[in-house]
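Colleague: Sequence:
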Amino acid sequence: GCIGALDGTHIPACVPIHMQDRFRGRKSIPTQNVLGAVDFDLRFIYVLAGWEGSAHDSYVLQDALSRPNGLKIPEGKFFLADAGYAARPGILPPYRGVRYHLKEYRGAREPENPRELFNHRHSSLRTTVERAFGTLKNRFKIFASQPFFPLKTQIKIVFACCALHNWILDDGPDEYVYDDATWYSALPRSRRNRRDVYQESQAWAHKRDVLAQKMWEDNL
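For the sequence shown, the working numbering assigns the number 1 to the initial residue and increments by one for each residue that follows.
For the record, the hints were derived by calculation from the structure and aren't laboratory data.
What you are looking at is a predicted structure, and each value in this text was computed from that prediction instead of being measured.
Glycine residues also receive a C-beta, built at the ideal position from the N, C-alpha and C atoms.
Hints are supplied without guarantee of correctness; some may be wrong.
[What the hints assert, rightly or not] Pairwise CB distance ranges, derived in the manner of DEER restraints:
hint, residue 1, residue 2, range
1, Leu102, Tyr176, 21 to 27 angstroms
2, Trp216, Ile3, 22 to 28 angstroms
3, Val210, Ile17, 47 to 53 angstroms
4, Trp216, Pro173, 28 to 34 angstroms
[What the hints assert, rightly or not] Calculated pairs, BS3-like style, for lysine-lysine (alpha carbon to alpha carbon, straight line, at most 27 angstroms):
hint, residue 1, residue 2
5, Lys77, Lys214
6, Lys27, Lys207
7, Lys141, Lys156
8, Lys214, Lys103
9, Lys27, Lys137
10, Lys152, Lys27
11, Lys207, Lys72
12, Lys103, Lys72
13, Lys27, Lys103
14, Lys207, Lys77
15, Lys214, Lys27
16, Lys72, Lys156
Take the sequences, apply the hints, and build the full model.
Modeller: What follows is the structure, given as structure tokens:
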């Protein structure tokens, strides 16, 4: 079953001039491309920091999966990911080319087929990781600008703040946690449109089809 959601986010980085081009990706400034996997209580299960901002998200994920102490996904379990990732063991993205964002289903525009219903439910759950990153940046203002520390220290700061974030949540949500209504209205209008460089797993694409069909039948 589903154990959470994962995504990448960009955090401003201060690096030497000769490294700045590699760290400049979607943003106009150098950034770290940070991968985070969270549970549905907004807690970080796994974090990988330090990748250059220009790195493709799928490379960062592959690095996390291949490390000896990296991201471990139990057999039969999976994380939700956005359409920039390919379906592969343990990673389940939505259908591409099908309505996805919750705002596209508002009003009377209900899901009309199994793929739309799957995407609608996928979107409502996957925003958990975006809310977690949004809460992290809202709580720790050091992520709002480029910190003047060595890069190794900047990476450690990411890990430390994620650990503190989890510890604070032990007492329940606080004023820094975005609720669903606030977060949906603040979602960026455009998301990553880069496709995963890894080939989609036919077995996991089929698993998605089976889940979508079951959801649709249960919804009738």
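Colleague: Now, for every hint given, state plainly whether the structure supports it.
Modeller: Going through the hints against the structure:
no. : hint                                : verdict
1   : Leu102 x Tyr176: 21 to 27 angstroms : holds (22 angstroms)
2   : Trp216 x Ile3: 22 to 28 angstroms   : holds (23 angstroms)
3   : Val210 x Ile17: 47 to 53 angstroms  : holds (52 angstroms)
4   : Trp216 x Pro173: 28 to 34 angstroms : holds (33 angstroms)
5   : Lys77 x Lys214                      : holds (18 angstroms)
6   : Lys27 x Lys207                      : violated (35 angstroms)
7   : Lys141 x Lys156                     : holds (16 angstroms)
8   : Lys214 x Lys103                     : holds (24 angstroms)
9   : Lys27 x Lys137                      : holds (16 angstroms)
10  : Lys152 x Lys27                      : holds (21 angstroms)
11  : Lys207 x Lys72                      : holds (20 angstroms)
12  : Lys103 x Lys72                      : violated (33 angstroms)
13  : Lys27 x Lys103                      : holds (25 angstroms)
14  : Lys207 x Lys77                      : holds (12 angstroms)
15  : Lys214 x Lys27                      : violated (40 angstroms)
16  : Lys72 x Lys156                      : holds (21 angstroms)
The structure does not agree with the numbered hints 6, 12 and 15 stated previously, though it agrees with the rest.
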